[in-house]
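Engineer: Below are the chains, spelled out letter by letter.
2 protein chains.
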Amino acid sequence: MSESSRPIGVAVLGMGNVGTEVVRILTQNAADLRARIGAPLVLRGVAVRDASRAREGVDPALLTDDPHSLVARDDVDMVVELIGGIEPARALIKTALESGKSVVTANKALIAAHSGELAKAAEDNRVDLYFEAAVAGAIPVIRPLTQSLAGDSVNRVAGIVNGTTNYILSEMDETGAGYGKVLAEAGRLGYAEADPTADVEGYDAASKAAILASIAFHSRVTASDVYREGITKITSKDLEAAKKFDCTVKLLAICERIQTADGEKISARVYPALVPLEHPLATVNGAFNAVAVEAENAGRLMFYGQGAGGAPTASAVLGDLVMAARNRVYHGRGPLESTYASLPIASIDEVPTRYYVSMKVADKPGVLQQVAGEFAARDVSIAAVRQEGAGTDARLIVVTHRASDRAQSETVAALEQMDSVIKVSSVLRLEGTND
Amino acid sequence: MSESSRPIGVAVLGMGNVGTEVVRILTQNAADLRARIGAPLVLRGVAVRDASRAREGVDPALLTDDPHSLVARDDVDMVVELIGGIEPARALIKTALESGKSVVTANKALIAAHSGELAKAAEDNRVDLYFEAAVAGAIPVIRPLTQSLAGDSVNRVAGIVNGTTNYILSEMDETGAGYGKVLAEAGRLGYAEADPTADVEGYDAASKAAILASIAFHSRVTASDVYREGITKITSKDLEAAKKFDCTVKLLAICERIQTADGEKISARVYPALVPLEHPLATVNGAFNAVAVEAENAGRLMFYGQGAGGAPTASAVLGDLVMAARNRVYHGRGPLESTYASLPIASIDEVPTRYYVSMKVADKPGVLQQVAGEFAARDVSIAAVRQEGAGTDARLIVVTHRASDRAQSETVAALEQMDSVIKVSSVLRLEGTND
Numbered sequence: 257m258s259e260s261s262r263p264i265g266v267a268v269l270g271m272g273n274v275g276t277e278v279v280r281i282l283t284q285n286a287a288d289l290r291a292r293i294g295a296p297l298v299l300r301g302v303a304v305r306d307a308s309r310a311r312e313g314v315d316p317a318l319l320t321d322d323p324h325s326l327v328a329r330d331d332v333d334m335v336v337e338l339i340g341g342i343e344p345a346r347a348l349i350k351t352a353l354e355s356g357k358s359v360v361t362a363n364k365a366l367i368a369a370h371s372g373e374l375a376k377a378a379e380d381n382r383v384d385l386y387f388e389a390a391v392a393g394a395i396p397v398i399r400p401l402t403q404s405l406a407g408d409s410v411n412r413v414a415g416i417v418n419g420t421t422n423y424i425l426s427e428m429d430e431t432g433a434g435y436g437k438v439l440a441e442a443g444r445l446g447y448a449e450a451d452p453t454a455d456v457e458g459y460d461a462a463s464k465a466a467i468l469a470s471i472a473f474h475s476r477v478t479a480s481d482v483y484r485e486g487i488t489k490i491t492s493k494d495l496e497a498a499k500k501f502d503c504t505v506k507l508l509a510i511c512e513r514i515q516t517a518d519g520e521k522i523s524a525r526v527y528p529a530l531v532p533l534e535h536p537l538a539t540v541n542g543a544f545n546a547v548a549v550e551a552e553n554a555g556r557l558m559f560y561g562q563g564a565g566g567a568p569t570a571s572a573v574l575g576d577l578v579m580a581a582r583n584r585v586y587h588g589r590g591p592l593e594s595t596y597a598s599l600p601i602a603s604i605d606e607v608p609t610r611y612y613v614s615m616k617v618a619d620k621p622g623v624l625q626q627v628a629g630e631f632a633a634r635d636v637s638i639a640a641v642r643q644e645g646a647g648t649d650a651r652l653i654v655v656t657h658r659a660s661d662r663a664q665s666e667t668v669a670a671l672e673q674m675d676s677v678i679k680v681s682s683v684l685r686l687e688g689t690n691d
Numbered sequence: 257m258s259e260s261s262r263p264i265g266v267a268v269l270g271m272g273n274v275g276t277e278v279v280r281i282l283t284q285n286a287a288d289l290r291a292r293i294g295a296p297l298v299l300r301g302v303a304v305r306d307a308s309r310a311r312e313g314v315d316p317a318l319l320t321d322d323p324h325s326l327v328a329r330d331d332v333d334m335v336v337e338l339i340g341g342i343e344p345a346r347a348l349i350k351t352a353l354e355s356g357k358s359v360v361t362a363n364k365a366l367i368a369a370h371s372g373e374l375a376k377a378a379e380d381n382r383v384d385l386y387f388e389a390a391v392a393g394a395i396p397v398i399r400p401l402t403q404s405l406a407g408d409s410v411n412r413v414a415g416i417v418n419g420t421t422n423y424i425l426s427e428m429d430e431t432g433a434g435y436g437k438v439l440a441e442a443g444r445l446g447y448a449e450a451d452p453t454a455d456v457e458g459y460d461a462a463s464k465a466a467i468l469a470s471i472a473f474h475s476r477v478t479a480s481d482v483y484r485e486g487i488t489k490i491t492s493k494d495l496e497a498a499k500k501f502d503c504t505v506k507l508l509a510i511c512e513r514i515q516t517a518d519g520e521k522i523s524a525r526v527y528p529a530l531v532p533l534e535h536p537l538a539t540v541n542g543a544f545n546a547v548a549v550e551a552e553n554a555g556r557l558m559f560y561g562q563g564a565g566g567a568p569t570a571s572a573v574l575g576d577l578v579m580a581a582r583n584r585v586y587h588g589r590g591p592l593e594s595t596y597a598s599l600p601i602a603s604i605d606e607v608p609t610r611y612y613v614s615m616k617v618a619d620k621p622g623v624l625q626q627v628a629g630e631f632a633a634r635d636v637s638i639a640a641v642r643q644e645g646a647g648t649d650a651r652l653i654v655v656t657h658r659a660s661d662r663a664q665s666e667t668v669a670a671l672e673q674m675d676s677v678i679k680v681s682s683v684l685r686l687e688g689t690n691d
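Respectively, the protein sequence lines represent chains A and F.
The first sequence begins at 257 in my numbering and counts up by one.
The second sequence begins at 257 in my numbering and counts up by one.
Derived from the structure by calculation, the hints contain no laboratory data.
Warning: the hint list may mix true and false statements.
Claimed, not checked - Okay, derived cross-link-like pairs now, DSS-like style, lysine-lysine, Cα gap no bigger than 30 Å in a straight line:
#1 LYS489(F) / LYS620(F)
#2 LYS679(F) / LYS499(F)
#3 LYS376(F) / LYS521(F)
#4 LYS437(F) / LYS679(F)
#5 LYS499(A) / LYS500(F)
#6 LYS499(F) / LYS499(A)
#7 LYS489(A) / LYS620(A)
#8 LYS500(A) / LYS620(F)
#9 LYS437(A) / LYS500(A)
Hey, can you work out the whole structure from these sequences and the hints?
Structural biologist: Here it is, written out as structure tokens:
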């Protein structure tokens with residue numbers, strides 16, 4: 257590898273868990289990074305909220321509370337954005353790209369909302385915009401989908417892409433504890449943020465689903481295109497019941513091509529679902545992430561690893577940074593945004609799904625027949641039924657075969673109106689099966 | 257993505273399983289590939305042994321039995337080499353690179369033996385040499401290691417990278433049948449070649465280990481640097497005994513950094529090993545492949561999928577082809593060979609390993625004490641002992657803790673000389689444990 261003498265200046269915006277690790281690795285591994293890139297990476301500055309507070313391992317002279325001036329500096333060639341959120345991250349990244357600086361970001365919310373605008377700025381200015389760290393932390397997902405599968409046709413991407421919710425569901429499954437108790441515990445252990453809404457309501461996973469769907473299907477998909485349900489209504493009873501069907505419950509991000517009456521569409525959705533215990537995603541526990549990909553020729557692939565945390569996420573950021581830096585040294589460019597297919601987005605109603613419905617029913621003859629009638633009336637065929645308890649505790653659990661989500665949800669709405677159904681206590685979808 | 261009008265000419269050398277699928281996908285997915293690349297890919301010719309034999313879906317005019325003339329054609333911009341073996345593949349690839357044509361190959365034996373020479377030709381002529389398909393078929397491994405982990409430090413790569421041997425070992429484990437019977441069955445099913453030597457003796461896995469080690473550790477490692485043992489001596493008794501230790505037997509390719517008295521070295525080795533059932537690699541069965549990577553910051557990653565077969569391997573070839581074609585359209589370049597670290601190769605003697613030793617012993621008091629004495633004399637500490645049978649069928653099974661492979665193998669040699677040890681019937685290493 258030939259060596260270019262000119263150093264490459266890097267600005268890091270944000271110094272939370274990930275930023276701290278990025279700065280540490282940039283410093284500690286400088287010699288390796290230089291050898292791999294063909295030029296030294298030099299940290300020009302770190303933008304933080306409070307520049308007066310000292311940070312271990314960082315020259316105080318590098319700290320600034322003015323990210324805009326840092327990005328604008330002539331000796332900054334590449335910007336690492338780790339502030340998160342939409343503004344000022346969007347404006348800073350756009351300014352960087354428009355002044356010919358490559359950008360590496362871990363900001364899923366921003367990429368899921370504004371990828372088109374930012375990708376265009378990168379393309380117009382012939383620089384790179386990389387965001388491997390935005391989905392599934394250290395696990396290479398973006399690059400395999402964009403590059404390794406560039407000659408294949410992806411049919412489905414299904415993943416566990418949020419560590420907080422996976423930790424909560426795994427703990428509920430293992431200990432039998434309720435959602436509230438496990439969430440509190442997750443907060444104490446640092447697995448859940450003070451305001452866990454983005455995680456537990458599925459917004460974080462929905463952003464990642466949008467990014468995955470965009471890349472997998474060469475179409476622009478934004479977070480608002482993703483159907484989303486969180487895990488806040490999951491009870492320990494649901495996990496118990498799942499076990500009786502040899503399943504566990506996982507918050508899944510699913511992106512797939514579906515065939516509709518109007519032609520091929522993209523479904524992107526996030527919800528807690530029953531997953532059979534023998535499915536590879538069922539064994540992904542705790543804060544780990546995994547993404548399963550089904551492609552026309554490659555078949556089924558699976559990627560597994562740490563989906564969050566400072567060092568793992570920093571590893572993904574550094575990988576992008578080295579590639580962007582090499583492109584600068586060798587006048588190359590990474591892949592551009594590819595949206596040529598422009599497939600339309602399917603509504604959740606159109607998506608073929610399977611349902612698991614648990615309801616409290618009147619303990620009298622004929623109830624099962626009436627319930628089965630509601631499913632049959634909408635052409636939803638029943639795969640399994642379980643009757644439990646008796647008297648005031650009589651319950652009926654129904655698992656359906658595949659049918660349109662509209663037919664399934666309309667059936668549930670009808671069940672809720674039935675006299676003999678006291679309460680529909682739980683409705684979950686079932687994923688990872690072939691029938 | 258802007259569109260370049262000039263088509264990109266592709267020559268395919270070899271039309272076996274993979275070549276046939278590459279030609280099919282190039283033809284069937286032409287519109288998608290064109291949109292992703294920004295220029296059409298045009299198949300200029302396919303080199304085969306017998307050009308007079310018709311091939312379904314291929315214009316007979318494209319067939320030629322002269323690969324050298326095909327590679328030399330002015331309208332060929334990129335070459336896909338799927339002939340396999342060293343010559344004429346090496347000469348053809350070198351000619352292509354030296355005439356400014358990018359090359360995609362699935363040829364592990366060639367890359368593992370001649371990567372330096374070929375990488376230099378690619379670099380000198382500013383073209384790409386891609387070989388994702390050479391390791392683990394459809395599973396993206398080369399690209400994640402080269403690019404996604406470009407800013408991290410890989411400590412270990414351990415994988416099941418040969419489908420034939422994994423099929424044989426899985427079948428032996430499941431059915432209890434012997435090696436010979438299962439090998440014959442594998443041949444009938446198309447999982448083993450007529451001459452299975454390259455697979456069952458570990459040569460194929462050793463080539464892949466060399467490629468993985470080169471990339472992971474930024475050093476040049478060739479197949480001859482890889483310590484290698486095949487699976488031909490594995491018996492159904494070994495698999496039975498493995499179960500008693502909650503293990504199974506897998507042919508592993510292991511690449512790791514080890515610390516020796518002379519400093520950091522690379523160990524690259526292939527052998528059948530006991531793997532604990534709870535280890536993720538233990539559950540990879542049949543013709544599937546999986547590669548586990550441990551990196552300083554990313555932690556443990558795992559990649560899983562189909563490691564062989566026409567369509568999966570073609571998917572990897574096409575991914576490389578699209579990236580190389582895009583580089584041609586956008587005047588970019590893929591990553592170059594990176595060997596700056598130039599770490600020395602450790603001999604197997606230096607590598608810390610764990611041993612499983614099964615021996616037939618005399619059924620008399622004091623034997624265990626004598627056997628234990630031989631281990632202790634070489635500072636090899638014993639983790640578990642099992643005594644089985646009695647009389648002429650008395651057996652002793654010892655599992656050791658980690659010690660240098662030299663100490664372990666010297667202990668085994670000493671045991672073989674002992675009067676009270678009738679026969680050392682099986683010696684396997686144990687991998688995938690922390691102690």
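Engineer: For every hint, state whether the structure bears it out.
Structural biologist: Against the structure, the hints come out as follows:
{"no.": "1", "hint": "LYS489(F) / LYS620(F)", "result": "holds, 29 Å"}
{"no.": "2", "hint": "LYS679(F) / LYS499(F)", "result": "holds, 22 Å"}
{"no.": "3", "hint": "LYS376(F) / LYS521(F)", "result": "holds, 24 Å"}
{"no.": "4", "hint": "LYS437(F) / LYS679(F)", "result": "holds, 25 Å"}
{"no.": "5", "hint": "LYS499(A) / LYS500(F)", "result": "holds, 28 Å"}
{"no.": "6", "hint": "LYS499(F) / LYS499(A)", "result": "holds, 27 Å"}
{"no.": "7", "hint": "LYS489(A) / LYS620(A)", "result": "holds, 29 Å"}
{"no.": "8", "hint": "LYS500(A) / LYS620(F)", "result": "violated, 52 Å"}
{"no.": "9", "hint": "LYS437(A) / LYS500(A)", "result": "holds, 23 Å"}
The structure shown violates just one earlier hint, number 8.
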